[in-house]
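*Asks:* Here is how the chains run, residue by residue.
Number of protein chains: 2
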Amino acid sequence: MNTPIFNCVTVIGPGLIGSSILRRIKKDRSIATHSVAYDSNPDVCNRVKELQIADEVCFDPKSAVENADCVVLAIPVGAMEEVTKQIIPYMKKGAILTDTGSTKASVIAAIEPHLTPDIIFVPAHPMAGTEFSGPDAGFDTLFENRWCLITPTANTSQEGINKITTFWQTMGANTRILAIKHHDKVCAIVSHLPHLIAFTICNTADSLEEETRSEVLDYAASGFRDFTRVASSDPTMWRDVFINNREAILEMLARFTEDAQAMAKAIRWKDEDYITETIQKGRRIRKSLIDNKQVQ
Amino acid sequence: MNTPIFNCVTVIGPGLIGSSILRRIKKDRSIATHSVAYDSNPDVCNRVKELQIADEVCFDPKSAVENADCVVLAIPVGAMEEVTKQIIPYMKKGAILTDTGSTKASVIAAIEPHLTPDIIFVPAHPMAGTEFSGPDAGFDTLFENRWCLITPTANTSQEGINKITTFWQTMGANTRILAIKHHDKVCAIVSHLPHLIAFTICNTADSLEEETRSEVLDYAASGFRDFTRVASSDPTMWRDVFINNREAILEMLARFTEDAQAMAKAIRWKDEDYITETIQKGRRIRKSLIDNKQVQ
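Protein chains in written order, with the UniProt record's numbering: chain A, 1 to 296; chain B, 1 to 296.
Misleading hints may appear alongside valid ones.
Pairs involving identical chains hold if they fit within one copy or between any two copies, as the list cannot separate such chains.
The list that follows gives simulated cross-link-like pairs (lysine-lysine, BS3-like), each with its CA atoms no further than 30 Å apart [stated by the list, open to error]: (1) Lys92 <-> Lys27; (2) Lys270 <-> Lys85; (3) Lys163 <-> Lys270; (4) Lys181 <-> Lys270; (5) Lys49 <-> Lys26; (6) Lys163 <-> Lys26; (7) Lys49 <-> Lys287; (8) Lys265 <-> Lys27; (9) Lys92 <-> Lys281.
What the hints contain is simulated information worked out from the structure, not anything from laboratory work.
Kindly generate the complete structure, drawing on both the sequences and the hints.
*Replies:* Below, the structure is given as structure tokens:
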């Protein structure tokens with residue numbers, strides 16, 4: 001067997017993403033010889049113990065990170081600063097700190113001021129997930145054929161980038177290096193805005209008069225159903241994403257609202273050409289996605 | 001075997017919905033002894049012949065409907081008036097005319113003026129579909145456990161309602177009688193607005209600068225991917241739906257836009273409670289849908 005990428009990987013926050021990493025390590029020891037899990041919620045720690053998906057479960061941050069060559073922060077982006085402050089004093093010299101946050105500028109701003117020079121920080125974002133959350137929701141193939149975007153800072157060493165690249169590729173992901181701001185903009189449109197819209201339309205439906213509302217539930221056709229799938233994702237994670245990438249999200253929402261108003265105008269004035277063209281553009285994008293193999 | 005519901009059913013427009021009806025009849029002769037397909041596009045007629053999903057394929061409206069006990073208009077709602085005018089003169093006395101349109105007030109307004117007193121018109125809307133269209137897209141279980149909403153007019157006879165109710169129930173659907181205007185309002189929020197939003201967000205993505213746009217395709221995470229599925233539906237059908245249910249759709253879009261702006265404000269001002277509450281409402285709706293067995 002080749003030398004594993006890491007001797008010891010610690011996952012902080014063994015939820016959907018974190019527990020999937022742990023499960024993958026159990027299955028493929030070329031990633032790490034030893035895995036450690038820690039969560040600030042002892043119930044989560046106990047559940048991870050029961051599931052036997054980590055080699056070791058710690059109930060305090062110090063013992064969780066002190067032997068780790070790599071610490072993965074798989075927690076809501078709003079918790080990154082607090083947890084970084086807790087662990088940095090106990091991390092080994094030369095260890096890698098990485099994260100799985102969906103926003104990068106804010107996470108880097110939260111973590112960098114607390115770093116010591118001997119820690120290599122490699123910001124990353126695996127673009128994978130389901131509408132479920134918690135340690136039971138993970139599975140070892142979650143990252144297969146998904147993108148993991150790596151957004152190095154000016155201080156990230158090439159060695160750190162290489163190791164985290166191999167880490168994610170070994171878990172089945174395709175990796176790419178992206179500029180921090182660019183990452184946040186792309187994710188605002190492909191992921192954050194769709195979630196914001198899905199949450200919103202569920203609320204619009206919920207605020208209808210009682211009679212209509214109960215029927216919305218009865219007759220939810222495929223359109224609404226797909227939206228609610230997106231809308232059932234983890235509240236804390238998404239609250240943090242919205243607040244932490246608010247600039248890019250608000251810009252994309254403004255653009256979307258302009259486009260929606262243009263569509264409303266076309267519908268009101270029965271502008272068939274405009275409506276058809278808009279729909280056809282949507283289909284073309286769908287086709288591109290299929291050609292890019294992002295969908296079955 | 002019991003007496004079939006109809007001797008001869010003619011499906012006009014053997015696309016996703018129409019060809020699924022034809023396939024179901026082939027499988028279950030208690031629905032109809034004989035099935036006829038007609039489409040204004042001869043290529044579609046020829047394809048239906050090749051697929052062997054109808055007992056008879058006609059290339060003109062007269063021969064298609066003259067023997068039918070029941071004619072099903074499974075065409076875009078914008079084509080209802082024109083096709084009704086073509087077929088009414090040739091329909092048998094006492095035959096049932098029904099449709100599968102997603103908007104009901106506009107379809108009834110398009111069809112009623114052309115009816116003769118000896119034709120029983122039963123407006124209906126099977127709430128089923130996929131993102132695919134055309135005769136190849138149908139399948140005989142499309143309507144199973146889906147709703148079919150029946151919206152009788154003042155002139156619809158109880159016998160007609162009963163027959164069409166049995167027709168859809170035999171194809172596996174659950175049926176319910178709904179007031180016309182109420183139907184259009186409920187569908188505006190559960191189906192039409194989600195489609196409008198999905199088409200729009202694809203356009204917003206498409207109008208980004210070239211560099212970002214190509215990455216949108218690369219990194220489309222599950223949020224955007226689900227939206228494009230909805231957005232790949234048939235353009236003519238949806239253009240017609242938007243225009244024909246424009247009052248209800250514009251009202252729902254206005255409500256949605258208010259809610260989206262309230263969310264934008266909360267994000268800008270970091271109103272964590274408001275954001276979390278909005279997300280949690282979305283999850284509750286999702287949970288209700290699961291309890292209602294509209295989703296797996």
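*Asks:* All hints, please: hold or fail.
*Replies:* Consistency of the hints with the structure:
no., hint, result
1, Lys92 <-> Lys27, "within (26 Å within a copy, 69 Å between copies)"
2, Lys270 <-> Lys85, "between (58 Å within a copy, 23 Å between copies)"
3, Lys163 <-> Lys270, "neither (56 Å within a copy, 36 Å between copies)"
4, Lys181 <-> Lys270, "between (40 Å within a copy, 20 Å between copies)"
5, Lys49 <-> Lys26, "within (13 Å within a copy, 55 Å between copies)"
6, Lys163 <-> Lys26, "within (19 Å within a copy, 60 Å between copies)"
7, Lys49 <-> Lys287, "between (44 Å within a copy, 28 Å between copies)"
8, Lys265 <-> Lys27, "neither (55 Å within a copy, 45 Å between copies)"
9, Lys92 <-> Lys281, "neither (52 Å within a copy, 43 Å between copies)"
Comparing the model with each earlier hint shows violations of hints 3, 8, 9; every other hint is respected.
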